[in-house]
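**Student:** Read off the chains here:
There are 2 protein chains.
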Amino acid sequence: MKWWGWGSEKKEYGLKKNKKLLSYIQDVLGLDLREYPKKTFENITLPDITVSKKIIDELKLLTNASTEKHDRLTHSMGKGYKDLVRIRNGDIRQAPDVVAYPETVEEVEKLLNYAKEKKLKIIPFGGGTSVVGGVETTCPGTICADMKKLDKVMSIDTVSQTAHVQAGILGPDLEEKLTKAGFTLSHFPQSFEYSTLGGWIATRAAGQNSTKYGKIEDMVEALTMHYPGGKISTKTVPASASGSDIKQLLIGSEGLFGIITDAVIRLHPLPEHKHYSGFILKNFDEGITTLREILQNEITPAVARLSDSEETRAMMKIGSSDKGIVNGLMKDAFKFYLKKRGYSGDEVCMLILGFEGPKDKVRFDFETAKKIVRGAYLGTSPGKQWLKNRFELPYLRDDLLDLGILVDTLESATNWSNIPCLYAKTKQSMEDSIKSYGVKGFVQTHISHVYREGASLYYTFVAKEVKGKEIEQWTEIKKAATDTIISNGGTLSHHHGVGKDHAAWIEHEHGKKGVEIIKKLKECFDPDKVLNPGKMGI
Amino acid sequence: MKWWGWGSEKKEYGLKKNKKLLSYIQDVLGLDLREYPKKTFENITLPDITVSKKIIDELKLLTNASTEKHDRLTHSMGKGYKDLVRIRNGDIRQAPDVVAYPETVEEVEKLLNYAKEKKLKIIPFGGGTSVVGGVETTCPGTICADMKKLDKVMSIDTVSQTAHVQAGILGPDLEEKLTKAGFTLSHFPQSFEYSTLGGWIATRAAGQNSTKYGKIEDMVEALTMHYPGGKISTKTVPASASGSDIKQLLIGSEGLFGIITDAVIRLHPLPEHKHYSGFILKNFDEGITTLREILQNEITPAVARLSDSEETRAMMKIGSSDKGIVNGLMKDAFKFYLKKRGYSGDEVCMLILGFEGPKDKVRFDFETAKKIVRGAYLGTSPGKQWLKNRFELPYLRDDLLDLGILVDTLESATNWSNIPCLYAKTKQSMEDSIKSYGVKGFVQTHISHVYREGASLYYTFVAKEVKGKEIEQWTEIKKAATDTIISNGGTLSHHHGVGKDHAAWIEHEHGKKGVEIIKKLKECFDPDKVLNPGKMGI
Numbered sequence: 001m002k003w004w005g006w007g008s009e010k011k012e013y014g015l016k017k018n019k020k021l022l023s024y025i026q027d028v029l030g031l032d033l034r035e036y037p038k039k040t041f042e043n044i045t046l047p048d049i050t051v052s053k054k055i056i057d058e059l060k061l062l063t064n065a066s067t068e069k070h071d072r073l074t075h076s077m078g079k080g081y082k083d084l085v086r087i088r089n090g091d092i093r094q095a096p097d098v099v100a101y102p103e104t105v106e107e108v109e110k111l112l113n114y115a116k117e118k119k120l121k122i123i124p125f126g127g128g129t130s131v132v133g134g135v136e137t138t139c140p141g142t143i144c145a146d147m148k149k150l151d152k153v154m155s156i157d158t159v160s161q162t163a164h165v166q167a168g169i170l171g172p173d174l175e176e177k178l179t180k181a182g183f184t185l186s187h188f189p190q191s192f193e194y195s196t197l198g199g200w201i202a203t204r205a206a207g208q209n210s211t212k213y214g215k216i217e218d219m220v221e222a223l224t225m226h227y228p229g230g231k232i233s234t235k236t237v238p239a240s241a242s243g244s245d246i247k248q249l250l251i252g253s254e255g256l257f258g259i260i261t262d263a264v265i266r267l268h269p270l271p272e273h274k275h276y277s278g279f280i281l282k283n284f285d286e287g288i289t290t291l292r293e294i295l296q297n298e299i300t301p302a303v304a305r306l307s308d309s310e311e312t313r314a315m316m317k318i319g320s321s322d323k324g325i326v327n328g329l330m331k332d333a334f335k336f337y338l339k340k341r342g343y344s345g346d347e348v349c350m351l352i353l354g355f356e357g358p359k360d361k362v363r364f365d366f367e368t369a370k371k372i373v374r375g376a377y378l379g380t381s382p383g384k385q386w387l388k389n390r391f392e393l394p395y396l397r398d399d400l401l402d403l404g405i406l407v408d409t410l411e412s413a414t415n416w417s418n419i420p421c422l423y424a425k426t427k428q429s430m431e432d433s434i435k436s437y438g439v440k441g442f443v444q445t446h447i448s449h450v451y452r453e454g455a456s457l458y459y460t461f462v463a464k465e466v467k468g469k470e471i472e473q474w475t476e477i478k479k480a481a482t483d484t485i486i487s488n489g490g491t492l493s494h495h496h497g498v499g500k501d502h503a504a505w506i507e508h509e510h511g512k513k514g515v516e517i518i519k520k521l522k523e524c525f526d527p528d529k530v531l532n533p534g535k536m537g538i
Numbered sequence: 001m002k003w004w005g006w007g008s009e010k011k012e013y014g015l016k017k018n019k020k021l022l023s024y025i026q027d028v029l030g031l032d033l034r035e036y037p038k039k040t041f042e043n044i045t046l047p048d049i050t051v052s053k054k055i056i057d058e059l060k061l062l063t064n065a066s067t068e069k070h071d072r073l074t075h076s077m078g079k080g081y082k083d084l085v086r087i088r089n090g091d092i093r094q095a096p097d098v099v100a101y102p103e104t105v106e107e108v109e110k111l112l113n114y115a116k117e118k119k120l121k122i123i124p125f126g127g128g129t130s131v132v133g134g135v136e137t138t139c140p141g142t143i144c145a146d147m148k149k150l151d152k153v154m155s156i157d158t159v160s161q162t163a164h165v166q167a168g169i170l171g172p173d174l175e176e177k178l179t180k181a182g183f184t185l186s187h188f189p190q191s192f193e194y195s196t197l198g199g200w201i202a203t204r205a206a207g208q209n210s211t212k213y214g215k216i217e218d219m220v221e222a223l224t225m226h227y228p229g230g231k232i233s234t235k236t237v238p239a240s241a242s243g244s245d246i247k248q249l250l251i252g253s254e255g256l257f258g259i260i261t262d263a264v265i266r267l268h269p270l271p272e273h274k275h276y277s278g279f280i281l282k283n284f285d286e287g288i289t290t291l292r293e294i295l296q297n298e299i300t301p302a303v304a305r306l307s308d309s310e311e312t313r314a315m316m317k318i319g320s321s322d323k324g325i326v327n328g329l330m331k332d333a334f335k336f337y338l339k340k341r342g343y344s345g346d347e348v349c350m351l352i353l354g355f356e357g358p359k360d361k362v363r364f365d366f367e368t369a370k371k372i373v374r375g376a377y378l379g380t381s382p383g384k385q386w387l388k389n390r391f392e393l394p395y396l397r398d399d400l401l402d403l404g405i406l407v408d409t410l411e412s413a414t415n416w417s418n419i420p421c422l423y424a425k426t427k428q429s430m431e432d433s434i435k436s437y438g439v440k441g442f443v444q445t446h447i448s449h450v451y452r453e454g455a456s457l458y459y460t461f462v463a464k465e466v467k468g469k470e471i472e473q474w475t476e477i478k479k480a481a482t483d484t485i486i487s488n489g490g491t492l493s494h495h496h497g498v499g500k501d502h503a504a505w506i507e508h509e510h511g512k513k514g515v516e517i518i519k520k521l522k523e524c525f526d527p528d529k530v531l532n533p534g535k536m537g538i
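If you read the protein sequences in the order shown, they are chains A and B. If you're matching positions, the first sequence starts at 1 in the working numbering and goes up one per residue. If you're matching positions, the second sequence starts at 1 in the working numbering and goes up one per residue.
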């Protein structure tokens, strides 16, 4: 992973080659398209190591441990907008003293016990792709425990269709091993290529196929978590009535209670057939009703993704390149057709529906859904293109940052009856906040995780950066949005997590008693506060 | 509800009229068919009331409160076999001093605060149908808080298809109110007619339709629980990534942490179509494979119920009466047909599959499932009869007790790869235990809650009572079964709960740390130990 951005050093999005998209962005944001330089690796200075050489030597005896600049730098924070701005500017206030790469569960145990004994801190680190400050180093004396060497698929139960897997495994590696046995987990967050099973579990992540396959908390049948001085394993059973569900406490614990070392996950056979397609709808409201009716009529697409008109417009621009999701969508003939149906170009919304599974079922589900959709069928090409490019957008972010563009995402979820209100108010709050800095920008939204009773709303906000005030500008937009979400019945986060960035709102989400419970649990697992300090407000 | 048995005083099962079933039971258990008398209500003596008149008067000012014998007796324990034996024998060791019937949430609050102040105990009580000692009075100074007057459907959100409901509502009342609005919860435990929403939530209950609609923990979107000195409400959102899932701690808390006063539940539209039918399979193993393949091929029946050969035989006997599930099933022509297919009468198993939902989907799902089933289709009549009589068996239990027959049920769940082993070992352990008392008996089993990765096993054990030693005899069978379940990868309970009867095994289920967590939570909500003492080993 690039230390200053997303993905492999060899790969870039190539925004500069997409003239149409570039001129659209220039137009919408009022940019001069100059490129802002970032610091070179050599020019970055890290804070000094705060632990003694003796400690480093002892750690090296316990496990693989590095104090190299590249390791410390890439483990000092996650991959949110704020992180990238700071890292590009060389603004590294804290970094782990040591990055450990345990290879066995025993090494994880030793590391936890050692940290407890020496009053050090440990930050559990999967892929490090947090966008909410979930893996940020917050104080001296920190060891970052990178779990990526614990990456084995230990067993696959082909009868029960479950697998016992170590938590450090990366998404593509996991899917590759499962595919060989004829299975899939089908958890595809946008971070898929660089995030780990343990990270997904610790943050209650959702993949792009969650509408059918569930969030990670639905996929985990059992797990083991190690804390300083012990471990806890939940029972591998499909369901139980033996008191409180302790597993659901550990899922979402964001490294505060311990390090998740392995889990039993629920698999699916590799889908016999896939059918991904696109529709164009008159407006966002028609789309909301469509998604709700599909789910409430017992049809469960793997992917159900409705973009509002702003996002649809941007997709059309992106689509005019070779990465196009809607190649040719805006051709004159099509525009004419839409107009004839009474659709206005300003309001139309794109819907992607993806069905996967046994061939007959996919056909039945798609045909049923098609009857429900309040819009025009565009065929399979938009679906296929979305599928092909679905992990690309974090690469685009790097190119936007080069041009001095602030870009980030945030998400919530609420019930259907509250979706229109939450959608509009949150969008407005962000637009107002962008304007208050005297710059141009826009907010685009999609619904991409759909339930019978509601859905998540996923916002992308884009603005011209106010140079020198990027973090302040970003903080204001986030605050405006989060305050609005919280006071309008949305959840603090649907799948990004709490981390450092949402910590201020944790009591609004869980109430005083809820926070007291989380604190009691912290005490129960980690009374010495070794683990992931400064996160979740705990 | 009868104080000495199940259901309305006016209704009885009428075993004596079913000569075929009666002679079958006589034969299998070696009975002389004499009827054992039970104590009359007048002859029952309750323990003296232990609280002062002042306290009773003060309680009566706070809420509806009764010290009547009938109230105290019927609230002294649940409806397990052990309870019924004791109540029929007049063996009431503890009873609540007062039974309170709060009508408002404010009265619940006052009651909790008053109990805390006066160092009294409170047992939250829904329908009182626990079969694991979950509502048993265990010490003097106890108030039983019967919640049945908090029974309002407060609102129905027809867009999101959710309802906000008070926890004391009984099953039929809830379904009636939802039906009027065009919806159903579809939670139908065998206790449905006499159990409450709050009781279901407190015990992590499962209904007979759980394969499609989920267990109660899947149906609850949010809930409010009152504890002495406060309350906690979880957020009404479809999903979240804001840390640990506190709701899943409160679900299954069995009245130890507080009193659940209301919940937001996920509804379904009333099914447009229902298709319930029966199949006969060669043996139990073929049935297990059938159910697994149906679920793993993405077909989700509302009801999937596979009886082993012992249960199938008993069903056929029951079926030879007018309550018959398999009327005419054993007619000579059918026997001949089975023989021709190589099915032996001793090994055949009955499978009920029930599909519900939109008409086209029901047809698609049924046709797909039918292709998967490894057995002979019997048409819809067995399915319809099962549906008609599905709440009848607790009434039969009363008639069996009259004849000196021990009868009870227990359940577990495990993954498919472990189902055959857990099935056989648990059955064997109970059969051995029955034999060790020198009496005849039998164990019959069904699978009735099915998941993609596994299923629950539900055992009914029947034996001739050793008079004077019924409780000891029952305790031995339960112990043998539970030890076997726990040491063979099953969960302690799939939907009955922990209560008093399973408390001894709680550490085997959750581990030392798991139990420590539950104790910490108890401390957090109820440090003075006001609530439901002596349950869950906490």
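Heads up, a few of these hints could be off.
As the list makes no split between identical chains, a pair holds if one copy fits it or if it spans any two.
In the DSS-like style, the derived pairs of lysine-lysine whose C-alpha atoms are separated by at most 27 Å in a straight line are [unchecked claim]:
#1 519 to 479
#2 118 to 513
#3 512 to 119
#4 282 to 110
#5 110 to 359
#6 513 to 119
Calculated directly from the structure, the hints in this document are not laboratory data.
**Student:** Each of the hints needs a verdict: does it hold here or not?
**Tutor:** Structure-based check of each hint:
no.: 1; hint: 519 to 479; verdict: within (24 Å within a copy, 37 Å between copies)
no.: 2; hint: 118 to 513; verdict: between (32 Å within a copy, 24 Å between copies)
no.: 3; hint: 512 to 119; verdict: between (29 Å within a copy, 25 Å between copies)
no.: 4; hint: 282 to 110; verdict: neither (59 Å within a copy, 54 Å between copies)
no.: 5; hint: 110 to 359; verdict: neither (50 Å within a copy, 59 Å between copies)
no.: 6; hint: 513 to 119; verdict: between (29 Å within a copy, 23 Å between copies)
Hint compliance for this structure: hints 4, 5 are broken, all remaining hints hold.
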